[in-house]
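Engineer: Residue strings, one per chain:
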Amino acid sequence: MNHPARPRSEWRGVVADYLGLVIALGLLILAFSLSTRYFFSAETFRTLANQIPAAMLIATGMTYVLMIAEIDLSVGSVLGLCGAVAGVALTRWHWPLWAALGGALGAGGLCGAFNGLVSVRWRLPSFIVTLGMMEMARGGAHALTRSQTEYIGPAIEGIAGTTVGGLSLPFLLAVLVVVAAQTVLSRAVFGRHLVAVGANAEAARFSGIDPGAIKTLVFLISGLLVGVAAIIDTSRFQSANPNAGSGFELQAIAAVVIGGTSLMGGRGSVVRTLFGVLIIAVLNTGLATVGARDEIKRLVTGAVIVTAVIVDYYRRRLGERSTR
Amino acid sequence: MNRSHLPTRLAASITLCLLANGLLPGCKPAGESKPPAPAKPRVALVMKSLANEFFLTMENGAKAHQQAHANDYDLLVNGIKDEIDVSRQIDLVEQMIAQKADAIVIAPADSKALIPVCKKARQNGIIIVNIDNKFDDAVLASSGVKFPFVGPDNRKGARAVGDFLARKLKPGDPVVIVGGAPNAFNGIQRQLGFEDAAKAAGLTVVSAQSGYWETEKASQVVAALITEHPDLKAVLCANDSMALGAVAALRGAGRLDQVQVVGYDNIAAVQQLLKDGKVLATADQHADQLAVFGIEYALDMLRNKTTPADRETPVDLVTAETLSGK
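Protein sequences, first through last, are from chains Z and H.
According to numbering that gives the first Met the number 0, the first sequence is numbered sequentially starting from 0.
According to numbering that gives the first Met the number 0, the second sequence is numbered sequentially starting from 0.
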């Protein structure tokens, strides 16, 4: 502690910032590996990596949304809608693949932009606007698919089926998005504006930032990422299910919160959210591998979320005290 | 000074681990800590909603069977939190592939969406047995795979329930059908069975709507339908959970005496209603045996390396008389 050289302490800050999450994740993996001999294998982790890209993308968007002290409850339903657009476009409208995927992405972008514009224009809480969108998008998904799972088949398999070095294309894409989103957050002007709006929108306005524009843009980004996630899931399942993504909003919020992003805005990190996603995914996979009863799964998952938030409370308090 | 974070976070992380560890031993990991045991086949049972009593009965039947045959195979049971959580079920199958189960006995939450991942399991040498809800034939054919189905003929079962109801009604009487989730094969079959019975007896089906297998949804649907059709004589529900909802709606409207309700599955919750005459009939598919049939089938396939044909399991009509006869 007697070496106040800045680079060293900054490095140490980064380590301290992530170490808790890394250790938590490591201990979870260790616990499951000791519980059953079938858990710790390359196959398990490869499967896991192929399952989480959609969650990674949605949680990344959600991190931005929570950082500006807003919330997006519509992500799960919008995922269902985007998937439905892709599925119906391919099977019933016979669109070429690129157009169907564009349609899915467009649907996500439109829903996101709608959420942002409506809550900014009429100064409505995003909780209400996205709650409405949650119902509208789910209704749209059911209307498009006539409430039936649209089976697409191998036509769309290529996206999730392509692997590079054992890892699927969606996983690599999701990693890329996480890195880009974190870089924007910590290095770009947009990132700083985002933090400013989240910390205090009024103060941000006085310093020349347009909080409305930032807000709209953040919801648009969230919607587009949901669109990409929908394409990935539709490809992985080779089908579009009108109920796809139900409950995703809560999972995404849980992942972001485990990562220590504040629901009050102004503070957060996409990489830490990634750890949140990983912790939930390892829990899901591990509990399934040991064959835990469903009620135990839900008890443990809930307890982990609450524990993470409590831990984060102490981390923050200690951080504030030591910087004072 | 960030170093001061570390002890707290470490302590917290350890708590997290202890929490996981403390709860895990209660989960009875399958085949744990007996590594050298000569390859006992591992059967993974992938279920639908374990919150639904019907599937819980299935699961308990399977577990009892495994305990009675502990030397023959290991069993790993996993389910999803509700019946529409299709993607989670797909994830579960992928995890069973990753841990190289020998056989997967699956009650698919969606008769189409689960086919690609089961095909992948088959390509990895895992035996698939389809129970409860049959895979979609057209999609199976277009994917070039075939999985044996072990289960009841839902259409026949629903027909029997419908026929029993029809004896209490007159031709031309208006009835409504409350179907299951529209993307589930068994729901579609039950609806067809109800329609067969209605057609045979000359009943008029004035409306057929989905109650998504759930009590709450079915109750809303029925409440709306009885206002719309004041002369309604019967509600045919594709499962008993929805029959409970129908009874609640009718009770709320004070029409329980005028409208007959039938269900499907014979869950414990409807048995008192059957005895009281609030529900006229249901069908028993012997849930405790359904998964067992599938598991035995999978073990047969593992032993003999053959793919036998589908096998139909029994469905019995349950009424107040059959219950009191027991």
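Derived from the structure by calculation, the hints contain no laboratory data.
Take the hints with a grain of salt, since some may be wrong.
To give an idea of the chain H side of the interface with chain Z (calculated C-beta under 10 Å), a few residues [stated by the list, open to error]:
1. 40
2. 43
3. 112
Yeah, the Cβ is synthetic: ideal placement off N, Cα and C, and Gly gets one too.
Engineer: At a threshold of 10 Å, is the proposed contact between residue 40/H and chain Z supported by beta-carbon distances?
Structural biologist: With a closest approach of 14 Å, the residue 40/H hint is violated.
Engineer: Against chain Z, with CB atoms and a cut of 10 Å, does the hint on residue 112/H hold up?
Structural biologist: holds, 4 Å
Engineer: Once the shortest beta carbon distance from residue 43/H to chain Z is found, is it less than 10 Å?
Structural biologist: Where the cut-off is 10 Å and the nearest Cβ of chain Z is about 8 Å from residue 43/H, the hint holds.
Hint compliance for this structure: hint 1 alone is broken.
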